[in-house]
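Participant: The primary structure of each chain is shown beneath.
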Amino acid sequence: MIETRTFLGIPPFPIAAKKALADSQLRGNMHHATHTIRTKRARVTGELPDWEQLREAGADIKDDVMANLGGYLEQLEESLTKAGATVHWARDAAEANQIVIDIARRHKVDEVVKVKSMATGEIELNIAMEKAGISVWETDLAELIVQLGHDLPSHILVPAIHRNRSEVREIFLREMGKVGMAAQADLSDEPAELAGAARRHLREKFLRAKVAVSGANFMVAETGTLAVVESEGNGRMCLTLPEVLISVVGIEKIVPTWKDLEVFLQLLPRSATGERMNPYTSTWTGVTPGDGPQEVHVVLLDNNRTKVLADEVGRQALRCIRCSACLNVCPVYERVGGHAYGTIYPGPIGAILTPMLKGVGTSESTDALPFASSLCGVCYEVCPVRINIPQVLVHLREKVVDSHRGGVPGTLLTGMKGASWLLGDGRRLGLLQKAAGLSSRVLWKQGLIGRMPRPMSRWTDARDCPAPPRESFRAWWARTDGGRSAGTSGTTARKGTDQT
Amino acid sequence: MDGKCDDPRISTRIHSAPASGTHARQPCDGAPVKVALFVTCLNDTMFPATGQATVRLLRRLGVEVEFPSAQTCCGQMHVNSGYVPEAIPVVRAFVEAFAGYDAIVAPSGSCVASAREQHKIVAARSGDRGLVKAVDEVSPHVYELSEFIVDKLGMVDVGAYFPHRVTLHPTCHSTRLLGVGDRPERLLAAVRGITMVDLPAAEECCGFGGTFSLKNPDVSVAMGSDKARHVRESGAEVLVAGDNSCLMHIGGLLTRQRAGIRVMHLAEILASTEEAA
Numbered sequence: 001m002i003e004t005r006t007f008l009g010i011p012p013f014p015i016a017a018k019k020a021l022a023d024s025q026l027r028g029n030m031h032h033a034t035h036t037i038r039t040k041r042a043r044v045t046g047e048l049p050d051w052e053q054l055r056e057a058g059a060d061i062k063d064d065v066m067a068n069l070g071g072y073l074e075q076l077e078e079s080l081t082k083a084g085a086t087v088h089w090a091r092d093a094a095e096a097n098q099i100v101i102d103i104a105r106r107h108k109v110d111e112v113v114k115v116k117s118m119a120t121g122e123i124e125l126n127i128a129m130e131k132a133g134i135s136v137w138e139t140d141l142a143e144l145i146v147q148l149g150h151d152l153p154s155h156i157l158v159p160a161i162h163r164n165r166s167e168v169r170e171i172f173l174r175e176m177g178k179v180g181m182a183a184q185a186d187l188s189d190e191p192a193e194l195a196g197a198a199r200r201h202l203r204e205k206f207l208r209a210k211v212a213v214s215g216a217n218f219m220v221a222e223t224g225t226l227a228v229v230e231s232e233g234n235g236r237m238c239l240t241l242p243e244v245l246i247s248v249v250g251i252e253k254i255v256p257t258w259k260d261l262e263v264f265l266q267l268l269p270r271s272a273t274g275e276r277m278n279p280y281t282s283t284w285t286g287v288t289p290g291d292g293p294q295e296v297h298v299v300l301l302d303n304n305r306t307k308v309l310a311d312e313v314g315r316q317a318l319r320c321i322r323c324s325a326c327l328n329v330c331p332v333y334e335r336v337g338g339h340a341y342g343t344i345y346p347g348p349i350g351a352i353l354t355p356m357l358k359g360v361g362t363s364e365s366t367d368a369l370p371f372a373s374s375l376c377g378v379c380y381e382v383c384p385v386r387i388n389i390p391q392v393l394v395h396l397r398e399k400v401v402d403s404h405r406g407g408v409p410g411t412l413l414t415g416m417k418g419a420s421w422l423l424g425d426g427r428r429l430g431l432l433q434k435a436a437g438l439s440s441r442v443l444w445k446q447g448l449i450g451r452m453p454r455p456m457s458r459w460t461d462a463r464d465c466p467a468p469p470r471e472s473f474r475a476w477w478a479r480t481d482g483g484r485s486a487g488t489s490g491t492t493a494r495k496g497t498d499q500t
Numbered sequence: 501m502d503g504k505c506d507d508p509r510i511s512t513r514i515h516s517a518p519a520s521g522t523h524a525r526q527p528c529d530g531a532p533v534k535v536a537l538f539v540t541c542l543n544d545t546m547f548p549a550t551g552q553a554t555v556r557l558l559r560r561l562g563v564e565v566e567f568p569s570a571q572t573c574c575g576q577m578h579v580n581s582g583y584v585p586e587a588i589p590v591v592r593a594f595v596e597a598f599a600g601y602d603a604i605v606a607p608s609g610s611c612v613a614s615a616r617e618q619h620k621i622v623a624a625r626s627g628d629r630g631l632v633k634a635v636d637e638v639s640p641h642v643y644e645l646s647e648f649i650v651d652k653l654g655m656v657d658v659g660a661y662f663p664h665r666v667t668l669h670p671t672c673h674s675t676r677l678l679g680v681g682d683r684p685e686r687l688l689a690a691v692r693g694i695t696m697v698d699l700p701a702a703e704e705c706c707g708f709g710g711t712f713s714l715k716n717p718d719v720s721v722a723m724g725s726d727k728a729r730h731v732r733e734s735g736a737e738v739l740v741a742g743d744n745s746c747l748m749h750i751g752g753l754l755t756r757q758r759a760g761i762r763v764m765h766l767a768e769i770l771a772s773t774e775e776a777a
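Just so you know, the protein sequences line up as chains A and B, in that order. At position 143 of the first sequence (counting the first as 1) the number is 143 in the numbering used here, and the numbers step up by one without a gap. The number in the numbering used here is simply the position in the second sequence, starting from 1, with 500 added.
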């Protein structure tokens with residue numbers, strides 16, 4: 001058994017990010033990986049003349065599902081039951097984990113194979129099963145690298161994106177033999193050889209396992225069909241070989257009909273891996289006698305999704321199809337990697353989803369996430385279901401600040417209140433500018449402010465700061481009648497930046 | 501400098517006196533174009549030269565410029581930091597200062613985006629119906645400088661002269677929130693004597709991000725350092741942008757690095773003429 005790590009204990013984003021920035025290997029790996037996938041995505045989305053309409057359709061379908069979620073869930077339960085599946089309802093992580101553990105125990109197994117799934121990562125199913133004495137074998141290549149490396153996932157789609165191939169080779173050589181078939185001693189870091197080692201290691205587990213655990217990318221309400229979209233075929237193995245299949249799926253993963261599924265099967269691979277079509281799309285509808293798993297369970301997971309649904313601005317996050325396009329284009333994510341976010345959902349989508357799922361005001365780490373963005377908006381531009389991530393980030397910042405009101409006002413609140421008073425009146429701002437201009441005459445001869453003590457050091461440690469000008473614009477306007485009186489309308493050189 | 505008035509909102513307010521000393525621009529109904537300058541708190545306090553350049557430029561284009569002195573700030577810093585109630589007095593001051601103007605022009609994509617997208621959020625939070633109505637009336641009249649010149653004045657060649665190698669940082673809020681597109685590039689391309697050079701990864705954020713630059717200074721500087729490197733690689737003498745906030749951040753890195761590249765606001769380049777050079 002491998003002990004799965006938890007995100008608990010990762011410091012809040014600004015501190016974790018600072019540490020990650022100093023890791024030049026990580027910076028190099030992340031830059032290479034995100035730029036490669038970014039370019040591929042841009043190419044395959046750019047070639048579709050109706051890409052924008054597809055995005056709109058994706059958003060509309062999901063919004064319809066959210067607006068009528070109760071009805072669709074009942075329809076799904078009915079079609080699943082009719083097709084021979086057993087439906088379980090889980091309010092939270094603990095309930096979902098217990099359901100899965102109980103089913104595994106009923107079949108007296110001490111191991112399960114697993115298809116890559118975000119929902120089971122969110123509820124930390126692996127940790128719960130390990131506590132219950134059941135080994136969980138991750139079969140997605142990147143998840144395997146993370147699991148064997150006693151590591152944490154750092155990307156929604158490519159959990160080992162922070163690792164390069166020589167690191168993968170070392171992990172395989174060191175760890176595979178401890179939990180199954182060892183890697184060949186002369187393993188090189190050629191991707192094909194690494195994949196071969198993983199294939200041999202995993203095949204043993206696929207052929208032995210009686211129970212598989214998966215998530216699902218989509219659930220079709222009209223037929224009770226679940227769909228998994230993948231690249232490696234490990235999912236197909238897990239979904240067809242074992243006798244028992246347990247799928248843990250967030251309730252927002254519904255699409256009403258197969259026709260709606262068509263939209264997402266175009267949006268997802270192009271946004272996720274930058275492929276026109278993914279190699280494996282598996283769909284299953286309950287139990288088919290004599291073919292595939294003969295016992296099929298679907299665990300429908302809420303885990304605060306209904307709370308997110310109640311937030312008028314934030315609910316658009318439930319459209320997410322976990323494609324990771326927002327991660328791959330995000331300039332912040334690219335530089336710090338996924339671990340700094342301290343959650344299974346990193347990057348821009350994680351910065352909105354995590355605080356909403358866990359609750360704003362519940363921890364310093366969660367509350368730091370909506371601020372982990374420069375609000376550049378590139379995530380919204382690429383999102384295949386048009387989630388306005390910057391809008392939700394700003395909305396959540398408001399909620400974070402509101403959740404901390406009422407105590408002793410901190411420096412920032414005091415500052416913001418002061419700025420609010422100053423900026424509520426042009427005359428007050430004018431007085432401030434006069435004081436700043438005066439300080440400029442006395443303190444800053446060069447027109448530039450260099451290194452300063454805290455808290456100014458947050459700016460000046462790496463950046464110069466222009467000194468305030470002697471005369472503000474409004475003072476100039478008043479003195480010269482808007483430049484109409486003589487001799488004052490010439491160019492004023494920008495202070496401190498004119499070195500040419 | 502040919503063009504036509506295509507916005508009926510601008511010509512609805514009749515003013516008799518043309519701007520002094522210039523050929524007053526005549527929109528559709530024959531009245532001169534008159535605008536209120538929203539200089540923005542950052543330009544007002546830290547970069548008055550940008551405000552002065554905007555005034556010179558607009559006057560040269562035949563526009564009469566007013567500066568409502570009650571103006572302060574768009575409130576973006578408060579909203580983006582989560583302090584929405586604290587933004588209410590700021591937004592109130594904004595709509596009071598600019599009520600009744602047909603065109604409010606600002607040399608900042610970011611502040612214009614704030615007026616268009618965020619003022620309604622602040623007004624809704626205030627619960628003050630009067631403020632909601634005032635915001636609805638004022639915010640559609642707020643224009644970013646390059647939008648105003650290209651779309652409302654119908655001009656691309658503003659008669660500027662600037663004989664330098666220049667590269668453009670398009671800024672996130674101008675491109676992604678406002679959608680100014682290639683307007684700044686078209687305005688710059690028409691400047692006489694200018695040599696425009698490409699900025700690698702131009703569309704990528706510089707990492708300023710308002711209070712992000714202070715709350716996450718390390719990430720902000722990492723992003724800014726890459727931007728500064730790309731500016732150096734471009735071979736430009738001057739980095740231009742439509743937002744002094746981004747330029748303050750990138751420029752602060754460039755001077756610390758002794759890069760010898762100056763940063764200038766778009767208005768300052770467009771205001772430059774052969775006579776003034």
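None of these hints come from the bench; they were simulated from the model. Please note: incorrect hints may appear among the correct ones.
Restricting the straight-line Cα-Cα distance to at most 16 Å, the calculated cross-link-like pairs of lysine to aspartate or glutamate (EDC-like) are [claimed, not checked]: (1) K131/A / E111/A; (2) K358/A / D102/A; (3) K18/A / E704/B; (4) K715/B / E364/A; (5) K434/A / E364/A; (6) K210/A / E124/A; (7) K715/B / D151/A; (8) K131/A / D102/A; (9) K620/B / D636/B; (10) K19/A / D636/B; (11) K633/B / E617/B; (12) K108/A / E243/A.
Participant: None of the hints should be skipped; say for each whether it holds.
Facilitator: Verification of the hints:
no. : hint            : result
1   : K131/A / E111/A : 12 Å, holds
2   : K358/A / D102/A : 25 Å, violated
3   : K18/A / E704/B  : 21 Å, violated
4   : K715/B / E364/A : 13 Å, holds
5   : K434/A / E364/A : 39 Å, violated
6   : K210/A / E124/A : 21 Å, violated
7   : K715/B / D151/A : 28 Å, violated
8   : K131/A / D102/A : 13 Å, holds
9   : K620/B / D636/B : 7 Å, holds
10  : K19/A / D636/B  : 45 Å, violated
11  : K633/B / E617/B : 15 Å, holds
12  : K108/A / E243/A : 13 Å, holds
In terms of the numbered hints stated before, the structure departs from hints 2, 3, 5, 6, 7, 10, listed from lowest to highest.
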